[in-house]
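If you read the sequences in order, they're chains L and W. Counted the way our numbering counts, the first sequence spans residues 1 to 211. Counted the way our numbering counts, the second sequence spans residues 1 to 238.
These are calculated hints, taken from the structure and not from any lab test. Just so you know, not all the hints are guaranteed correct.
[What the hints assert, rightly or not] Computed Cβ-Cβ distance ranges for the label pairs, DEER-style:
#, chain 1, residue 1, chain 2, residue 2, range
1, W, Asp139, L, Glu7, 38 to 46 Å
2, L, Gly94, W, Gly115, 34 to 42 Å
3, L, Val118, W, Asp60, 24 to 32 Å
4, L, His96, W, Pro232, 31 to 39 Å
5, L, Pro119, W, Asp60, 50 to 58 Å
6, L, Asp18, W, Val116, 32 to 40 Å
7, L, His96, W, Asp60, 45 to 53 Å
8, L, Pro78, W, Tyr221, 26 to 34 Å
9, W, Asp60, L, Glu205, 50 to 58 Å
10, L, His96, W, Ala10, 41 to 49 Å
11, W, Arg136, L, Gly39, 32 to 40 Å
[To be verified] Below, computed lysine-lysine pairings styled on DSSO-like, alpha-carbon distance capped at 27 Å:
#, chain 1, residue 1, chain 2, residue 2
12, L, Lys121, W, Lys88
13, W, Lys84, L, Lys137
14, L, Lys121, W, Lys160
15, W, Lys171, L, Lys121
16, L, Lys76, W, Lys74
17, W, Lys160, L, Lys124
18, L, Lys124, W, Lys171
Glycine is no exception: its CB is placed at the ideal position from the N, C-alpha and C atoms.
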Amino acid sequence: MAWTREEMAARAALELKDGFYVNLGIGIPTLVANYIPKGVDVTLQSENGMLGMGPFPYEGEADPDLINAGKQTITKLPKSSYFSSADSFAMVRGGHIDLSILGGMQVSQNGDLANWMVPGKMVKGMGGAMDLVAGVKRVVVVMDHCEKSGASKLLKQCSLPLTGAKVVDLLITDLGVFEFDRKAAVRLLQPAPGVTVDEILAKSEAEIIVS
Amino acid sequence: MVNKVQSGAAEALAGVLFNGMTIMAGGFGLCGIPENLIAAIRLAGTRNLTVVSNNCGTDDFGLGVLLANGQIKKMISSYVGENKLFEKLYLSGELELEFNPQGTLAERIRAGGAGVPAFFTKTGVGTLAAEGKEVRDFDGHAYVMERGLTADLSIVKAWKGDGEGNLVFRKTARNFNPMMATAGKITVAEVEIMTAVGDLDPDHIHTPGIYVDRILQGAAYEKHIERETTRPREREQA
């Protein structure tokens, strides 16, 4: 059985280490916060200007001045701090954030990521994604292995405009976990339970090394 | 003595608006936006604006009202996904758009205000964001040159301010406001609470008054929330 969204998030949470400063993207990456392993203390950064992001507020207590990068209302923690967008991206670009978990539209075997634009169709913008993949120490992408049409999203080369070139360290899809050395091929680390290597190879355009 | 304090948003913008100007507007989504000054620009009807702002509001609030009124010619932003009209106007060619990565946008504004004409960043190397720009190697890594950014007018929103133009922001409503305050030829700040000079602790001031030319207390604040997200109250544990 392929992993569900929740199971993908839970697998991604295993990448969190005690003491990490972490930025979580929108979508499945946001769910990762629900699966932080016991005994692991991480500080979540929100790139609109906050370290130490707390949970959603109780009903009736939402503060319009306190939102995350997905524009959702949130709360602070005792350790929280607020800062400007310039300070926030100094943290990101300067390599002070340990881990970034983002969604993806396409990933190529050399670690290129495309997740911000479909020419002529979707014009939303890259937001902070290009800064995050360029500056954060370790980049984990979580996405479905295939499009709804069945086309693979793990490719030899991305066809969509890139968010970053050779930036992905680890990819988690519904079919398994993949590691990148940012060269020619991608290595299958772990198939999802019940998913065969043959199925993964059949559903991937990228060249995959099976160890 | 120069009096920076204005009686309202329209008064604060008197004599500074002109067609074809570049305006920086603080805020992230609808959080920390200068809503009174945006409304005053809407009423003034200034056209052919180039607007520098991380987002473009929503269809019915924030900068979205200037877009709907046909006042914006070009946007420089990082993300405009909350605004359907924006996408429509862009795809039909009625609106120019320059996307900057969010951190690059913040740094361009910081640099502009700090007198730094250009800087190098690894953000966007190998992507559309670096197209047509100089790429240079430093210590074995590729970096793209980005230019500092200034504006004819910056409009910012703070929580508290005083007659000197000193500003204090609140929570994540700070975002782009402090850098934009430094990068406008003229900077107008609106605040929720105007304090007497001396009431703000100098150690707590985020934006020193030198950057602020005019300041006003906003007449009213709607402070819309784009995505109100809450959790149920846990039952009291015995």
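**Request:** List in ascending order the numbers of the hints, as given earlier, that are violated by the structure.
**Result:** Going through the list in order, the structure violates hints 2, 5, 7, 9, 11, 13, 14, 15, 16, 17 and respects the others.
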